[in-house]
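Q: Those sequence lines, one after another, are chains A and B.
Count along the first sequence from 1, then add 2; that gives the number in the working numbering.
Count along the second sequence from 1, then add 744; that gives the number in the working numbering.
Please keep in mind that the hints were generated in silico from the structure rather than gathered at the bench.
Note that the Cβ used here is the ideal one computed from N, Cα and C, for glycine as well.
Check each hint, because a few of them may be wrong.
Here are a few chain B residues that sit away from chain A, every Cβ distance over 12 Å (derived from the structure) [to be verified]:
id : residue
1  : Asp1025
2  : Phe1067
3  : Gly1188
To give a feel for the contact side, a few chain B residues facing chain A, derived at Cβ under 10 Å [claimed, not checked]:
id : residue
4  : Ala838
5  : Arg991
6  : Gly1111
7  : Asp1176
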Amino acid sequence: MTLTPLHDTAAPGLQASGVLDTLEAESIHIIREVVAEFERPAMLFSGGKDSVVMLQLAAKAFWPARIPFPVVHVDTGHNFPEVLDFRDQTVERLGLKLIVGSVQEYIDRGELQERADGTRNPLQTTPLLDTIAANRFDAVFGGGRRDEDKARAKERILSLRDEFGQWDPRNQRPELWNLYNGRHTVGQHVRAFPISNWTELDIWRYIAREGIELPSIYYAHARQVFRRDGMWRAVGEFSQPDRGEEVSVRTVRYRTVGDMSCTGAVLSEARTVDDVVLEVAASTLTERGATRADDRISEAAMEDRKKDGYF
Amino acid sequence: MTTEILDRQRPATGTLFRFATAGSVDDGKSTLVGRLLHDAKAILADQLESVARTSLDRGFGGAEGGLDLALLTDGLRAEREQGITIDVAYRYFATDRRTFILADCPGHVQYTRNTVTGASTADAVVVLVDARKGLLEQTRRHLGVVALLRVPHVVVAVNKIDLVGYSEDVFAQIDADVRRVAGELGLHHAVSIPVSALVGDNVVERSVRTPWYAGPTLLELLETLPAADQEDDDAASFRFPVQLVLRPQGALAPGLPAESFRDYRSYAGQVVSGTVRVGDDVTVQTPGQEPRTTTVVGIDAAGRDLDTAVAPQSVALRLADEFDVARGDLIGAAGSLPVPASNLSASLCWLSPKPLLPGAKVLVKHGTATVRALVQSVKGRLDLDSFEEAPAGTLQLNDIGHALLRLSAPLPLEPYAVHRRTGAFLVIDPQDGGTLAAGMIRNGAGQ
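Input sequences plus hints: build the corresponding full structure.
A: This is the structure:
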């Protein structure tokens, strides 16, 4: 991530300056509103591409001042080591405080149970809510985008959560003009989604335009993988092939970066950001459909997680 | 590389265009939105597969099967189970000309609340009419809300044209009704299009079954209408609500040289209308104080020095004079801001189940300023069938009315009719923090 004057890394004809400028302006406005109106904001930061872009927008919103809030990561214990390294380097470079909520510690203490299917994404909700409560955060920025999922399409930019962190989609505040109402009572908090209106392709075009660095696993690399549920899963400490699942070395990249236990890779030769922009523009699958086992559980998997207080 | 891949890359150019849809129950709005997304090739294979599976499960299209495109837009479990749309949903798609944000507003539950929400940020609203039914009471209400919110463009999609045998006469009659109602409401840019969302006529593809219709398809029209930001770029309408003061002393971003920023101070905000240039004189209006005039000496965009900023850019302004400027202040083109006033005359779209009663104490959020306010009186309620104001003592959920409020500090109140952004405000419940109403200022608009 860099804040030096912008440079063009995108190939000719790939710029969407009008659209990206408008989205950037909207996101910066939202981030500034939340910081101005809340006492203890924090930003979720996983090292994934959406949160990297969101953090870049925050750095721009307050330049030349430092980002005036800490970042929070809920670590499932099954994260990609490359991504955790990237997370730590970014936090260091921007001079931020990082607060980590650990799913592993909850499991070790017996407060959370490993699921039969091995995915730990739904387990993040409890550590997230506890971290919010322990730090008395009244606003938490998340990198959710409305194009990701049908339930997210109904999410507000400022989303009120009750003391149990729950989202009530049938009882949301109307959001009018660019006037955001962040009022809340004791115990409630607000989730703020400044990149709600960005699509996956917007994110990648912005990464290309701004020359933003990402964890290396977003780009094509050789990896030992096996096929499961129609997805390529990495062979690693937390994801081992079952009998009959054949391991091979393929050139893959990750379209989303979540828990290793439920995130699949896609076959790809896209080694640079421009290659990725072309690939995403030509993709015939949504990013979650292509790469997330946890969203295949049911039609309403994301809705159910969100109602319980998920990101 | 195949042609299809090249087709999908092209959305790289163009501008952002926001539009909302509004329709009555069973007008086929979800199907129209699904058709638009499908024919604009904004639906990806896994989404289509899921729709195909559910359509088959429910026996959609009978023995021949078919895609129930309405399923593409139903996001929540209850919506899919009940076959209704509950809340505003946002959709994203792009063509070679434009990137679109669609606010899909449900028709029946709390339709005013949802339509007001979707219309508040829209460059255009698409209102659906069932060709078999013509203009309904609810259509008139939708058009009334659109007129009140000053949405720049209205498109009336006359849907289910296949079910009236593609009749030119039926369309002509509805089009005449639309023109008459639009005229009464002062909607100057209302256009009707005959469409069938189910079959796909004139949504994205031009229909051979309506040879009598020479106008654009729905998508062609949406691709060519001007966006609101493009229409309002002059210097006199420059408006900039101050969000934050940026003073990095002691908390400078890493890597920046401290000596260069020792005395740095700027005012962060978004240009909500108009244009500002370095060297321009501007007026700073602090609530309750005399206006002050100064000069813009710098425009910062995260390390880039700009000469000019236009709506909707988020920037930071540096000013020549070191007087106190804070959140809640409004910066505008010199001499262009109205004299601050404490008496607020406004149209209110009442969005809460709690009625509005005279004497209520509320909060008014205007730009970045939030002040206390007392509701002095309700002057009237808009009869959405006659569009005339009838006397009323209170406003209920989904009512649109006229009220007088007394503010605890005077604000620069501009008529919404002239300034869509700085003429708008929220009414907030000071107890539970809920949003009670969307407000539109009438001060200075002859009211």
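Q: Hints broken by the structure, by number, lowest first?
A: none
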